[in-house]
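We have chain A already, so just place chain B on it with the hints.
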Amino acid sequence: MAKEIERAGVLTVHICTIVPISKTVGANRIVPAVAIPHPLGDPTKSREEEKVLRRKLVERALGAMKTKVDGQRIF
Amino acid sequence: MDGTLRVVHYLNQFFGQIGGEDKAGTEPLKRDGPVGPGLLFQGILGHEAEIVGTVICGDNYFNEHLEAAKEAVLALIEGYGPDFVLAGPAFNAGRYGIACGAICAAVAECLGIPAVTGMFPENPGVELYKKSVYIVKTKASSIGMKDAAQNMVALAMKVARGETLGTPDEEGCIARGIRRNCFTTETGAVRAVEMLVRKVKGDSFSTEYPMPVFDRVEPVVPLENLSEATVALVTSGGIVPKGNPDHMESSGASKYGKYDIRGVGQLSPESYEAVHGGYDPAYANEDPHRVLPLDVIRDLEREGVIGELYPHFYATAGNGTSVANARHFAQEIAEDLVRDGVRAVIISST
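Line order of the protein sequences matches chains A and B.
With the first letter of the first sequence counted as 1, position 51 gets the number 50 in numbering that gives the first Met the number 0; the numbers rise by one all the way through.
With the first letter of the second sequence counted as 1, position 140 gets the number 139 in numbering that gives the first Met the number 0; the numbers rise by one all the way through.
Bound conformation, chain A alone (with noise of 0.2 Å):
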């Protein structure tokens, strides 16, 4: 999906988890998440330490769309 909005002309961030999966497809922007029941979150951590947490990979993935990249990347 990623890769199809992207052919559209629409810059696409992919949070993922399992990162080769992503590479597979042809993401171009990839931001690495926390693990696949919960990509953006911790259940081990408090709510707002969670907040905190999601609130950096999604920064992590705005600073990505600002970002010249030549192929795939890693964020």
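Wrong hints could be hidden among the right ones.
[What the hints assert, rightly or not] With a straight-line cut-off of 25 Å between C-alpha atoms, the simulated DSS-like cross-links for lysine-lysine are:
(1) A:K55 x A:K22
(2) A:K2 x B:K130
(3) B:K136 x A:K22
Derived from the structure by calculation, the hints contain no laboratory data.
Relative to the frame of chain A, chain B by itself:
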């Protein structure tokens, strides 16, 4: 090699009889003898080979700790002193396919013995490991277990005995890209002209050298003014309004959902849930933001870091979804996004 060959079988937590998604974090462990589908494999192996041990690892544990898990699994396999290794089959299960591929590649490289696995051609493990691993083609689900077991055993026995393999089509496996010289009765020129004539007549022909398909998309140029850009959220993690109004399938999804989030600042567990059969949804049901970061993106919108959040999010359950379906969903979603001037998308995947 004389006598009965020793075989180790690798399975995930599900086929290894440990449990479902709630046990996907299981660390590598071993069981002497065959387990689960191993019994079927043993029946086909007969007296020629014996499954002396089964090594089992949870799909999440393996994929979240690729290197450590691979080492631990390899050590357990080596402890049995096998002549060859069978892994899976993984069918269309992505995490399992990656585990099977990684293990077979490591077994061949580090232990120097044959390893054979089985996968559905769309399994992401195929693209990653097809060059280094023997992968038998299977159906998408365990409905194809019997055929997969037969083909995997036949191929593994051939490799273990050092017999010459036929073409990938003859062996029922995915091409590794190995080239071997062979003699034909006609010259290349004659064969090429024959192929051309068939093509012109509209008859079927098969090329002797299929061209590799490289389907890469040029990265879109970076955004200069994020603070003026509309950003959209998409997820393959199956987050939907509570009650799943579109009846999205939790496996092999044939549809995606488009959900209005105008005025929605938080995804509460009372209003949203995860429908996805490929991971334990307990964490996402407790707090859907663990899969779809709406709370954070609303904060960033309010702070002016991004221009605005697109008023809908899109979701599907990326669990055994065919590549064709996923492509089709994304093309439709992209039409919306382009029409409405969305500049960037965050896709979150479980």
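Structure-based check of all given hints:
1. A:K55 x A:K22: Roughly 22 Å between the alpha carbons, so the hint for K55 of chain A and K22 of chain A holds.
2. A:K2 x B:K130: holds (23 Å)
3. B:K136 x A:K22: Judged against 25 Å, a Cα distance of about 22 Å means the pair holds.
Hint compliance for this structure: every hint is met.
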